[in-house]
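Novice: Chain A is fixed; fit chains B and C onto it per the hints.
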Amino acid sequence: MADLKTQLMAEFGKQNLLDAFGELSLNVDSADIVKTCLKLRDSFFFDTLIDLCGVDYLAYGQSDWDADASSSGFSRGREIQSDENTHEQRFAVVYQLLSVSKNQRLRVKAYVDEAQPIIQSVTNVWKSANWYEREAFDLFGILFENHTDLRRILTDYGFKGHPLRKDFPLIGEVEMRYDEDLARVVYEPVSIEPNISVPRVIRK
Amino acid sequence: MGKKFKKLIKNFSLSELRAGLGITAKELVNKKITVQFPEERTPISPRFRGLHALRRYPNGEERCIACKLCEAVCPANAITIESEMREDGTRRTTQYDIDLFKCIFCGFCEESCPVDAIVETQIFDYAFIDSREGSIINKARLLEVGDKNEDMINKTKLEDAKYK
Amino acid sequence: MAEIHNYTLNFGPQHPAAHGVLRLILEIDGEVIKRADPHIGLLHRGTEKLAESKPYNHSIGYMDRLDYVSMMCNEHAFVMAIEKMLEIEVPQRAQYIRVMFDEITRILNHLMWLGTHGLDVGAMSIFLYAFREREKLIDCYEAVSGSRMHATYYRPGGVYRDLPDKMPQYLESDFRTNKELAQMNKNRQGSLLDFIADFTEEFPKSIQQYDDLLTDNRIWKQRLVNIGIVTAKRAKQLGFTGPMLRGSGVAWDLRKKQPYSVYNQLDFDIPVGVTGDSYDRYLVRMEEMRQSNRIIKQCVAWLKDNPGEVMSDDHKVAPPSRVAMKDDMESLIHHFKLFTEGYCLPKGEVYCAIEHPKGEFGIYLISDGANKPYRVKIRAPGFAHLAAMDEMTKGHMLSDVVTIIGTQDIVFGEIDR
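Chains as they are written, first to last, in our numbering: chain A, 1 to 204; chain B, 1 to 164; chain C, 1 to 417.
Simulated from the structure, these hints should not be mistaken for laboratory data. Any given hint might turn out to be false.
Stated by the list, open to error - Between beta-carbon pairs, the in silico distance windows are:
no.	chain 1	residue 1	chain 2	residue 2	range
1	C	Pro259	A	Ala183	56 to 64 Å
2	A	Asp32	C	Met397	41 to 49 Å
3	B	Ile33	A	Lys39	56 to 64 Å
4	C	Glu330	A	Pro169	38 to 46 Å
5	B	Lys3	C	Leu171	55 to 63 Å
6	A	Phe21	B	Thr24	50 to 58 Å
7	C	Val225	A	Asp149	30 to 38 Å
8	A	Asp42	C	Asp267	32 to 40 Å
As the list claims (entries may be wrong) - In silico EDC-like pairs for lysine to aspartate or glutamate, Cα to Cα no more than 20 Å straight-line:
no.	chain 1	residue 1	chain 2	residue 2
9	C	Lys257	C	Asp269
10	B	Lys10	C	Asp212
11	B	Lys148	B	Asp116
12	B	Lys32	C	Asp198
13	B	Lys32	C	Asp174
Note that CB positions come from ideal geometry on N, CA and C, so glycine has one too.
Looking at chain A on its own, in the form it has when it is part of the complex (with noise of 0.2 Å):
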C-alpha cells in the first residue's frame, strides 16, 4: 500500500490523499472525475468499481442533545453546530475502488454543488456504475451527466423527493392504502408521529 500511496501522491498531489483507519481516500474535483477514473483503471489498474453511494454532509456534526450539566440536568434541545461541519458542499459521490489483479483499495471522493449536483458519470468506465449511479440519484437526487438510463430505481413508480438526503423526514411524507370505495390504491399525507427513542449525541 505504501508503494500505492506515494505514486498516487506524485500523481495527484499530497494534499488530496488521505490515509485513515488503513484505507487510502483520495479527493478529486468532481469537474475531473472521468479523466481521474480513467487514469485509475489504466495506469493504477484498478479494474473494479465495487461500490458507488451519495453522500449528503447537510447535518454533519450536529447533535440532539446539548450535554451541559446544569442544576436542572441536562438541556435538550437542538443545537446547529456549524463550525463542526468542515464539508464545503452539501453532497458528494464516494467511489469504491478495488484492483483484483494488485489486490488493492483505493475510495474516491468528489463533492458536488448543492445548487447543481451534478457530475459526469463513470458507467464509460465501469459498467457496474450504472445501477449505482441509478441509485444515488433515486437516494440523494445527483445527477450524472451522460448517464443513458438515468431512472429511479430503489423507490416507488412515481415517488416525489430523495429519501436519503438529510432533510427528508424518518417518516416519509405519504403513506398508501387501499381504498375500498375508490377501488384503488391511494396516497395520504402520513399519519404518525415521529419517534426517536435516543437522541443523538456528540461526545469529545
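Specialist: For chains B and C alone, coordinates are given in the frame of chain A:
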C-alpha cells in the same frame, strides 16, 4: 476412440439417470426426518426468543420498575411505557405495551432489563393477532403470559444464566 | 405477410422463479430475449436511513434482514466496521466462533441456492434434500442465538454468548418409541460443538448425494452448460465478486487475499471455474461447501481446546456480565449507559468488506463522532450481479432467464435494502 465409445455407452445406458433414481429409491425407504406437529415438536433451545412475558417475584410483586431501558434499546420502537408512583412509594408502570407487528424479536429488551422483568419465552405459536389493534399486547396480558409460564421461564433462564 | 414485432413480457413480481420480488420487463423476439429490464425496490425498507436514526448496536438486528439467507455474515461486516473504527481487540475465541458461523452460514446459503436453483430448472427432489441438511444448521443457529434465522448474535467486541454445552433434545411423544427417540437424539447428547462435529462428518456424504443427483445429469447439464457466460474481463467490469467472479476463472477470495478475522490461520482452497457459465458456477459453489465444511472442522477442533472469553472487556462498548451488573455499581452504570446512549465512534470513515456467500459484502460507515452512524452504505453483492441481468440474458431463450436468475443467487433483502 475408446473414450468416445465409453461416452456413447454411458449415454445410452442412462447411467446418471439410474444413479439419481437410485437415490430417490433409497430415500423412499429411509427413515423420515419429519415430525408430527403439533403433537410432536422439534427441540427448542433455552435461548429461544418467542412471545414476550413480564415476570413477578416469588412473592407476587411485579418485577418491572419502569426504568425504561427496554423502551430506549428497542430498535423498532415497539415498546411503550408510562409510569407512576404507587401508594407505597415505589415506581411501577401504568402502561406497558408491546406492538408485536413492530417487534423484531432481537432480544435486546431482555438483555437490557436490570431486574429480569421482561423476558422472551419459548412460545412461538401465538396466532391470536387478528387485526392491527390486536397486535398490541398490554401489561395485563404480558403478566398473564408470565404467570402462566413461570416454571418454563424460570427453568430456561436458569439454564442459560451462566452464559450471560 | 404479417409483420412480426418484438413483444414485451412482464415477469414477476409474483413469480416462484423470481426468488422474491423481482419484476422483469422482458423484450422478446419469438423466444429470444432482446432486452431485460429488472425493476427492483419492491422490498426497499430504507435500512440505511433507519440505521442513521439509531445507535450502532440497534442496527445489528437489521443487518440479519438484508440477505436473509446468510444472516450472520451480514452482521459480521457491520460489527467489523465498528470494531475497525473503535480499534478494539476481539478475543480469539470470539473470532473462531464468528468464522465457524460464517462458514455455517455459507453452507446454509449455498444449500438454499442449490435447492431453489434446482427447483427452478426442474429438479424437485434436490430441494427437499438440501432443506434436510439446512434444518440441522438452523438448529445450530437457534441453539447459539435463540433464533432460527435472525440471530443478532455478533456484537462489536465479540459475540453475545458463549456456545452452549448442551443441545436441546426431542421430547417424548406418542408417535415415537423410546428406541426411536434415542436414535433421534443420538447426535444431541453432547455440546453444540459435538453436534456440529457430527454434522461435518455426515455432510460430505450429503454433498456426494447432490453430486450424484445433479452433476452428471443430462437435463441439468442441458439447462446449465453454456448459459450466461461471463468472461473474466467482463466480470470485473460488471463488478462481480464471489462465486460469480470465481466461476469466470478469477481466483479472488477476500478470505485469502485480504484475510480478516482468523482466516489466515485456517487451511482451505479456493475453487475457480473455467468457462464462466452457469454450470461452472454450480461446480464452484458445490466445492465451496466442501471447503466450508473443512473450515468448520478446524474451528470446532480449535474451539474445543481453547475455552475463554467471547467478549471484549472494554465496557465502553461491551456490556458487563449480568452478575457484575447486579452486584457492582460501576457495572450497572456502564450497563445503563450502553443500553441508552450506546457508544460514540471517532470521526472518520471506513469501508469494511467480507467474503459473503454471494460475493463481497461491504459496509461503508461514516461517523461524525456521534452515537449514531452519520451514513451507512451497504454494498450488496447481489445488486451488481442483478445489474448484469440484461447483459447475461441477451440472446438467450426465455427459459434460460430462470436459470440465470438462479445462478446469480439473488436475494432481494440485500438488493433492495
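Novice: It remains to establish, for every hint, whether it holds in the given structure.
Specialist: These are the hints, each one checked on the structure:
1. Pro259 of chain C and Ala183 of chain A have their C-beta atoms about 58 Å apart, which keeps the hinted 56 to 64 Å range intact.
2. Here the CB-CB span from Asp32 of chain A to Met397 of chain C is close to 44 Å, well matched to the stated 41 to 49 Å.
3. Hint check: Ile33 of chain B to Lys39 of chain A, Cβ distance near 59 Å, so the stated range 56 to 64 Å holds.
4. In this structure the hint that Glu330 of chain C and Pro169 of chain A lie 38 to 46 Å apart at CB holds, the actual value being about 39 Å.
5. For the pair Lys3 of chain B and Leu171 of chain C, the beta carbons lie near 57 Å from each other, so the given range of 55 to 63 Å is met.
6. A hinted range of 50 to 58 Å holds for the C-beta pair Phe21 of chain A and Thr24 of chain B, which are about 54 Å apart.
7. Val225 of chain C and Asp149 of chain A have their C-beta atoms about 32 Å apart, which keeps the hinted 30 to 38 Å range intact.
8. Checked against the hint of 32 to 40 Å, the pair Asp42 of chain A and Asp267 of chain C passes, with Cβ atoms roughly 37 Å apart.
9. Among the hinted pairs, Lys257 of chain C with Asp269 of chain C is consistent with the structure: their alpha-carbon atoms are about 12 Å apart, no more than 20 Å.
10. Pair hint Lys10 of chain B plus Asp212 of chain C holds up; C-alpha atoms about 15 Å apart against a cutoff of 20 Å.
11. For the hint pairing Lys148 of chain B with Asp116 of chain B, the CA-to-CA distance comes to about 17 Å; that is within 20 Å, so the pair holds.
12. Taking the CA atoms of Lys32 of chain B and Asp198 of chain C, the gap is about 19 Å. The hint holds against a cut of 20 Å.
13. Between Lys32 of chain B and Asp174 of chain C the CA atoms are separated by roughly 16 Å; this keeps the pair inside 20 Å, and the hint holds.
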